[in-house]
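*Asks:* Each residue of the sequence shown is one higher than the one before, starting from 1 at the first, in this note's numbering.
If you are wondering where the hints come from, they were derived from the structure by calculation, not from laboratory data. Keep in mind that this is a model prediction, so the values were computed, not measured. It is possible that some hints are incorrect.
Said to hold, decoys possible - Label pairs and their in silico Cβ distance ranges: (1) Asn-218 <-> Gly-399: 43 to 53 Å; (2) Gly-314 <-> Glu-228: 34 to 44 Å; (3) Thr-298 <-> Pro-234: 15 to 25 Å; (4) Thr-108 <-> Gln-130: 12 to 22 Å; (5) Gly-402 <-> Gly-138: 46 to 56 Å; (6) Ala-210 <-> Gln-90: 22 to 32 Å; (7) Glu-350 <-> Met-244: 45 to 55 Å; (8) Gly-320 <-> Gly-443: 43 to 53 Å; (9) Gly-413 <-> Asp-462: 35 to 45 Å; (10) Asp-323 <-> Pro-243: 10 to 20 Å; (11) Glu-348 <-> Ser-30: 21 to 31 Å.
Beta carbons: idealized from backbone N, C-alpha and C, even for Gly.
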Amino acid sequence: MGPGDGKKPQKEDGPLTKEDLAGTYLEGLSSYVDKLLIPRGFRSLNQYGSGQVIDPHDQAMGSKLTCAYIIDDRSRYASAQSLDHVIAKQINPGGAAPMVLGVGAASTSIKEVLSFSDSNTPYPANVNPQSVYTLLSGVLANGGGTAQEPVTRADYLVARGKSVIDLVSDDLATYKRLNMSKADQDRVDSWLQLLREAEVGVNDPELSAACNTLAAMNLGITEQALKEASPTGPITPGNVLGPMGTPEGDSNLAISFTKGGDMMMKLMALTMMCDVNRMLMLVYPGYVTFKWDGINHTKEHHGLSHRTGDFTVGGNCFPGVIDMIAEIDRWYAARYVKLVETLNSIGEGEGTLLDNTATMWLPELSDGNAHNLNNLPIIIAGSAGGYLKQGAIVNVEGGQIGRGNSEGSCTNGGTIGNTGSSRGNVPINKLYVTLMNAVGCKGPDGGPVTTFGKFDGNKETDGIKNPGEVASLKASA
1 MGPGDGKKPQ KEDGPLTKED LAGTYLEGLS SYVDKLLIPR GFRSLNQYGS GQVIDPHDQA
61 MGSKLTCAYI IDDRSRYASA QSLDHVIAKQ INPGGAAPMV LGVGAASTSI KEVLSFSDSN
121 TPYPANVNPQ SVYTLLSGVL ANGGGTAQEP VTRADYLVAR GKSVIDLVSD DLATYKRLNM
181 SKADQDRVDS WLQLLREAEV GVNDPELSAA CNTLAAMNLG ITEQALKEAS PTGPITPGNV
241 LGPMGTPEGD SNLAISFTKG GDMMMKLMAL TMMCDVNRML MLVYPGYVTF KWDGINHTKE
301 HHGLSHRTGD FTVGGNCFPG VIDMIAEIDR WYAARYVKLV ETLNSIGEGE GTLLDNTATM
361 WLPELSDGNA HNLNNLPIII AGSAGGYLKQ GAIVNVEGGQ IGRGNSEGSC TNGGTIGNTG
421 SSRGNVPINK LYVTLMNAVG CKGPDGGPVT TFGKFDGNKE TDGIKNPGEV ASLKASA
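Let the sequences and hints guide you as you build the complete structure.
*Replies:* Here it is, written out as structure tokens:
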């Protein structure tokens, strides 16, 4: 779905300041304005009613990261590999697949799948934090060994400076009181001295690798936290017809969106620290009814984005719908802020982990009622190691784009009017090309990437008409 206009920065181009974010849904990012890039004027593929005419939500999801038509059958899956897989193949260790995470119920529905490993081949998100941690546990160094379980109480005490020897001091004292020879006593003392010397090396911050159980613990990834963030029962799935879950399913959905989503962000950070995966994605599905964190809606997000409260288009505004959409916008913005804060809190080289990423928030649509894809509200944190411009709003189209028309009706009830807009039509392919070069991808000839996707207009047969990067998004511009 898409955020309301009134919660976006008004500036269309120029330096980004804290004042630009004041009063907007991005205000929580004020401390990071120097690390943000807000591009204005990109259009995703394809506009509903032009090119391929098909369900606009299916189109938005299937074409979002593929820039290709979707297959016109019941699956509505993409007809090409998605951006995350293309990037992962080039930059991941061993060309491994991307890490695709999500919240809510597991799903292979086109309305909830963004990643495709190949044509007609969805790559569903992993929605269980415990299973994600299990995949990481084999690479977490734990005292020179391998961590097969989440951080224990003993791990915590050792990480806080408590010696392993101190933890078992009572048992050691009892053992040393046993009747043994002088030679055996000397062997015990020598073993203790060797263990103490080993501990000094392991616990030296300058010698410890970032990828260990201490790092997991510092991020809040513990056995108990993982358990609390990973519901074991049914999770209410999204439904275009509105709330249809059970009390248990609704409760688990709330857990997955809150504790589960927050844990997924921590696991993403740990994955980066361990350099297990360099292409990560976190998907929050639509069609869910918000009943958590002080929000108590009776209509699902998709219906609210239509302004009617259900899947119908046009007619009377649902009472209070703009305020409800604003609540959802603020909630999602807070999630993005949390991810940015987490990545920025981790040192890497002369900067932070955030500095070496391009952490992008990309919505499904520009406006949920108009179902338009022009002038998408996009924000990127981090410069990918200095490649991307920072502290700026960049109008990539030129001329006046406008802020859209999402709040043009329904602010005081009444009937639903036009909520779409017409400006901001630079193909999103060009943003993807810029990002691919930023993270180190290469073109077929070994030089910079110049194209991505099957086409960048309204007809697949036309191919790519506007290749290349967007120079104004680069730090060198």
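*Asks:* Hint compliance check: list the failing hint numbers for this structure, sorted ascending.
*Replies:* none
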